[in-house]
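Protein chains in written order, with the working numbering: chain F, 1 to 500; chain R, 1 to 607.
What the hints contain is simulated information worked out from the structure, not anything from laboratory work.
Ideal placement from N, C-alpha and C gives every residue a C-beta, glycine not left out.
It is possible that some hints are incorrect.
[Unchecked claim] The following label-pair restraints were derived from C-beta to C-beta distances:
# : chain 1 : residue 1 : chain 2 : residue 2 : range
1 : R       : Val475    : F       : Ala96     : 51 to 59 Å
2 : R       : Ser108    : F       : Ile12     : 29 to 37 Å
3 : R       : Ala555    : F       : Ala96     : 21 to 29 Å
4 : R       : Asn231    : F       : Arg231    : 24 to 32 Å
Okay, here's what each chain looks like letter by letter:
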Amino acid sequence: MQRKLIRIICLILMIVSFIAYIAKAPAFPIASENLLPWSAWFFIFALANIILWQSVVKLLSFSLMVIWFYAFAASIIPETSTATVDIGNLERTPEAFIDAGQIIFNGKGKCNTCHTLDTSAPPGRCPDLTDVGTRAATRQPGVTAKEYLIESAYEPHKFLVPGYGNIMPPVWKPPISLSELEIETVIAFLQSQGGEVDLTPFEPPIDIGSAEASVEVLPPLLTGDVERGQRVFVEGAKCIACHAVAGIEQPAGQTLDDGVEVVAAPDLTEIAALNSLRYIEESILVPNAQIVSGYGSVTVKTGGATIQGTLVTQDNEKIVVRVKDAAGNEEERTILLSELDPEPIEELADLKGKGYFWIQVTLADTGATVSGDLVEENDENITLQVGEEPQTVSKSDVKVQATLIDFDENVIVGELVSENEDEITLIVDGEEQTTDKFDIDEGPTYSRAFGKRLAVTSPMPNNFPLLLSVSDMSNLLAFLASLTGATDATVAEGTEETAE
Amino acid sequence: MYLTKHSSMNQSKNRLYLFLGLLAIYLLLTVATVFAQDVTDTEYRPFPKIGSRSAAWIAAQLHLLFGSFILGVPMFAVVIEFVGMKTKDKRYDKMAQEFIKLCMGAFSTTALMGGVLVFILIWCYPKVMNKMTGIFGPTMIFYVFLFFGETFTLYLYSYGWDRMQGRVSKLWHLFLGVLLNIFGTAIMFVSNAWLTYQTSPAIMGPKPEHKAIPLHDESGQFIGTLWQAVNNYTWMPVNIHRLIGNVAFGGAIVGAYAAFRFLAAKTQEDKAHYDWMGYTGNFIALCGLIPLPFAGYWLGREIYMFNQTMGINMMGSLFSWLFIIQAVMIGVLFIGANYYLWSGMTRIAGGEIYTRFRPYMIAIIVLSIAIWMTPRTLILSPKEIAAMGGPNHPLVGLFGLMTAKNTVVNIIILTTFLSFLFYRRSGKTPTVGWGKAGNIIIAAIFGSAVAAIVTIGIVGFKVATGFRVNVLTPVQVLIALAVMILVAAIDLVMYRKAMRSSEINWGQMTDRSQYVLILLAITFTSLMGLMGYARSGLREAWHIFGVMPDTSPDAYTPLLADAVNVIAIIIVIFFALVGFIFWLGLWGDKKKEGPPPVEAEASTGDD
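So that you can see chain F by itself, here it is in the shape it has in the complex:
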C-alpha cells in the first residue's frame, strides 16, 4: 500500500512538474525565474516513475522524458527574438520595468539599431550606452541621470554627444510610436546599466497626444525663398529624381547628367519635422556625414566578386545589400561578414569610424598574427581589440608585404626584407629574392595589414555643393525647412492626389 502511494505521488508530481516546466511557472520551492528547478524536479520524478512503475506508466514517463528532453535542449541554447512586450499589466517594480525595457530596447523601440551596449562592439551610429545609468549624470552640468535620459528619449536633439549627429528620431512618433509607459521602461532599463533604477513617476517634457496633433513649424532662420528652393529641388539640382516629397511628382525613369545614377533616397516629406536645420545643411554640404540606415552605398568583395549596392541592413553577422542588375531590376543579397574577402590594406590611416573593420597584422619578430576589430590607429601604432583587451602594435614591428610588377608582367609578392635606392629584397615562397628597381614596371606597393572592411558612403554626389550657387543653396534650404509634412497647401493637395 505504501509503495503504491509513493508511486502515485511520483506520478502526480511528474505530471505537475512537466506542466509547470512547460508553463514556465516560477520555480519551486524558492521563487525564482530560473527554470532549471522544474526541469530537475521533472527529471527526478520521471526517473523515479520509470524505476517504480511497469508497463503503461513506465512508458508514459519515458515518453514524457523524451518530449521534455528536446524542449529542454532547445531552451538552453542562445538565440534572438523579435518579440514585443505587453505592458498592459506591468507591475511597477524595477525588475519588471527593466525586463520590459530591455525587450523594447531591442525590439519595438529599435534602439539597438544605432546604440550598442558593449564598448568592444564596432562603433554604432549613436553613442554606446554601456554604464549610461551613471554616465548620464555627467553629460550636462546640473542634470541628473534620469533627467538626462528623459530628455534624450523625448527631445534627443537638445543635447548631442560630441562626435554624433542629430539623427535620432522622436521615438514617440510613428513609425516607432512608443507610448509614455514604454519610454519609461526603456529609461528604467538604461538606468539599470550601471546605475540605480528610479521609478518615481515624472511628467514627460512633451505631451505626446497634443504634440502629435499640433504642427511643428520651424522658425524662419533662412533668407531663402521656398518657391525658388522648390524649383532648385525639382529642376536645378534634380533632387526629386532620388528623393521623394509628397505632393511633388517624381519623374519616372529620369536620368541625371554627369553619369549620376538615380537611386532610392530617403523621403523628405517630413525632413524638417524630424531633423534640425543643421542636419539638413550638413547633409547637403557633406553627404557622407550622416547616412540614413538603408540608403548607404557600399562596395564589398566576396568570393572574388565585387558587389556594389545600397546597404539595407547590417549586424555583427551579415549585411544585406540591394543591388541592381544590368536590366535595372533590384534584388537584395545577404552576405555573411565572414564571407567578405580579406584584402591587403595599403593605407592604414583614417580607418576608424568609417565602418566595420577586422584587421590582421603579422609581427616581424615572432611571425605571430594579431587580429581583431580596429580600435584606434595613428601614424605609429595600431590598436586592435583582441579578446577582451585592446592590444597596441607598433607599425614598425609589423611585417610589411610588398607587391611589384616587372616589365615581363610578373607580379612579385613577398615580405619586405630590405630596400635601398637600387634594389628591393623580398622573401618570396620562403626564399630571398632581390629585384633591381630598374626592372620594376609598377610598384612597389606596401601593405602592413589584411582585413575586411565595410565602408558605407552616401550615393549622393560628393561634389553636390559645388553644383549650387550660394543663392540656390539658400533657397533649397528654405524649401527643405518648410517640409514639415503637413498644412502646406501644395503638399496637402499632392497627398490627396497620391491617395487617389
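Mind docking chain R on chain F? Use the hints.
Okay, now just chain R, sitting in the frame of chain F:
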C-alpha cells in the same frame, strides 16, 4: 466480484463525465464574452486565453500530424498487404487490416482538427483568409472532392477487407488501397500549395538562374494564374519531402504501437507477433528515413534560391540553432534505428559474428552526427567573435559548412545500410562459390564510395558554391544511392539460396529495444513539430512573404525556447489522442471477444 468491479467502473465513468461536463461549461463561459464582441469589420480577432497564433499553431500542427498518420499508415498498409499477397503470409494481411482499422479513428480526428483549424483561421485571420481564398478558391473546391474520394475509398478499403479476399478481389482491393493513397497524396499536395505559397509567392524563372518571379505587383495585387500560385517556388520540394516523411512517420508510429503491445503482451505468441510488427514498422521507417535528408537538402536549396536572406536566416542566422536541435533529433533517429537493427541480430543465432563491427560503426555514426550538429554561424557577441579569432572557429568551423554536412549525411546513410545488410545476413551462409569474392567486391565498393564521398567533400571546400551545390553534392548522393542499389543487388544474388543456420526467434527482443521504437516515434513527431515551426517562422512577420505583412500583436518570431514548449504541448496532445484511438481499437476488439474470465480479471496487476 466482476459485477462489483463493473459497478465501480461505472461510478468512475460517471464522475469523469461530470468533470468533463463542468470543464466544458467553464470553458464556454470563459470564451463566451470574447466571442460575443462585435468585431465584424476587423483584420484580426484575438483568440481567447492562448492567443490567435498559438491556437492556429496547435490546431494546424495537430491536423498535420494526424494527416501524416492517415497518409503514412495507408501507404504502410498497402505495401504490407502487397507483401502478404506475394508471400502468402497471412500475418502481413492481418497487420495491414489492423492498422487500417486504427486509421478510421484517426481519419475522423484529422477531419475534426481540419475543421477546428479552418474555424480558427476564419475567426482570427479574416483578412488573410480572404486573400488566400481569393487566390486559391478553386483548389479548395477541388480539395473537397478529393476529400470525399478519400473518405469513400477508405470506407471501401476498410469494410471490404474481409469480403475481398479472393485472387481477383484482392487485386481490386489493392487497387482501392493505391487509390486511397493517390487521393491522400493529392489532398496533401493541394494543401501544401496554400502554405508554400505563403512562404514563396513566386515562380521559378528560366534556366540557368532560376530567378524568382514574383506573383504580385508592388501594391500586393496578385498578377499570376492559379496554377502559378499552386506551382510556386517551394511547392514540389515540400510535396516530396512530406511524402517521404509520411512513409517514415507511418512506419515509426506502427513501430511504436507494436512496441507498446509487445511490452504489454502476456503470451510468447503475442510477443512474437508484435516483435515482427515492430521490425516491419522500423524497416519501413528506415526506408523513408534514408532518402529524407536528400529531399530536405533539395527543399533547403530551393528556399535559398527563392530568397537568399530567407535561406541564410534558416541555416545561418535566426534559425541556425534550430537546425542544431534538428541534427540532434536526426542523430537520435539514426542511432536508434541502428541500435534496433543491432538488437534484432540477437534474436538470430549466427548474428553475433557481426558484433565486432559495431564499435566502429557507432564511432562513425556518432562522429558524423557531431559534424552534422556543428553550426556554421552563431549569434555571437563581439567579444566572443574576437576570442574565437573570427566568426568561425578555425578548425571546427569547417564542419559547419554544407560540404562537410553533406559528406557525413551520406556516410551515416551508408553505415545504416551496412547495419541492415548485416541484419539481413545474420544466420545465413551463402552457398555460391564466389561468396568470398563477393564480400571483397562489396567491401571494395563501400570503401571506394566512402573515399570518393570524403574526397568530394574536401574538394567542396575549395570550389565555388554553385559548382558544389549543383555538381558535387548530387554526385555524392548518386554515389550513395549507387552503392545501395549495387550492393543490394549483389547481396540478393549471393544470399538467394543461402543456407539458414537458424530461424529468426521473433519475440526474443529486449524491452529496451522496444523503448527505442517508441523513442523513434516521439522523435519523428517532435521533429515534424520543430520543422513546422521553422517552415512557418521563416516568413518572419509576413502572412504571405513580401506581400502581406503581419500586423497583429503576434508579428514576431517567438524564441525557440518558447516554440518548443508549444511543440511539446502539441506532441503530448497528439500522443494522448493517438493512445485513445489505439485504446478504442483494443476496446472494440475486447468487446468482440466478450468479457474476460473472472480469474484473469482478478489476477490483473495494478500496473
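Taking the hints in turn, this is what the structure says about them:
{"no.": "1", "hint": "R:Val475 x F:Ala96: 51 to 59 Å", "result": "holds, 57 Å"}
{"no.": "2", "hint": "R:Ser108 x F:Ile12: 29 to 37 Å", "result": "holds, 32 Å"}
{"no.": "3", "hint": "R:Ala555 x F:Ala96: 21 to 29 Å", "result": "holds, 23 Å"}
{"no.": "4", "hint": "R:Asn231 x F:Arg231: 24 to 32 Å", "result": "violated, 52 Å"}
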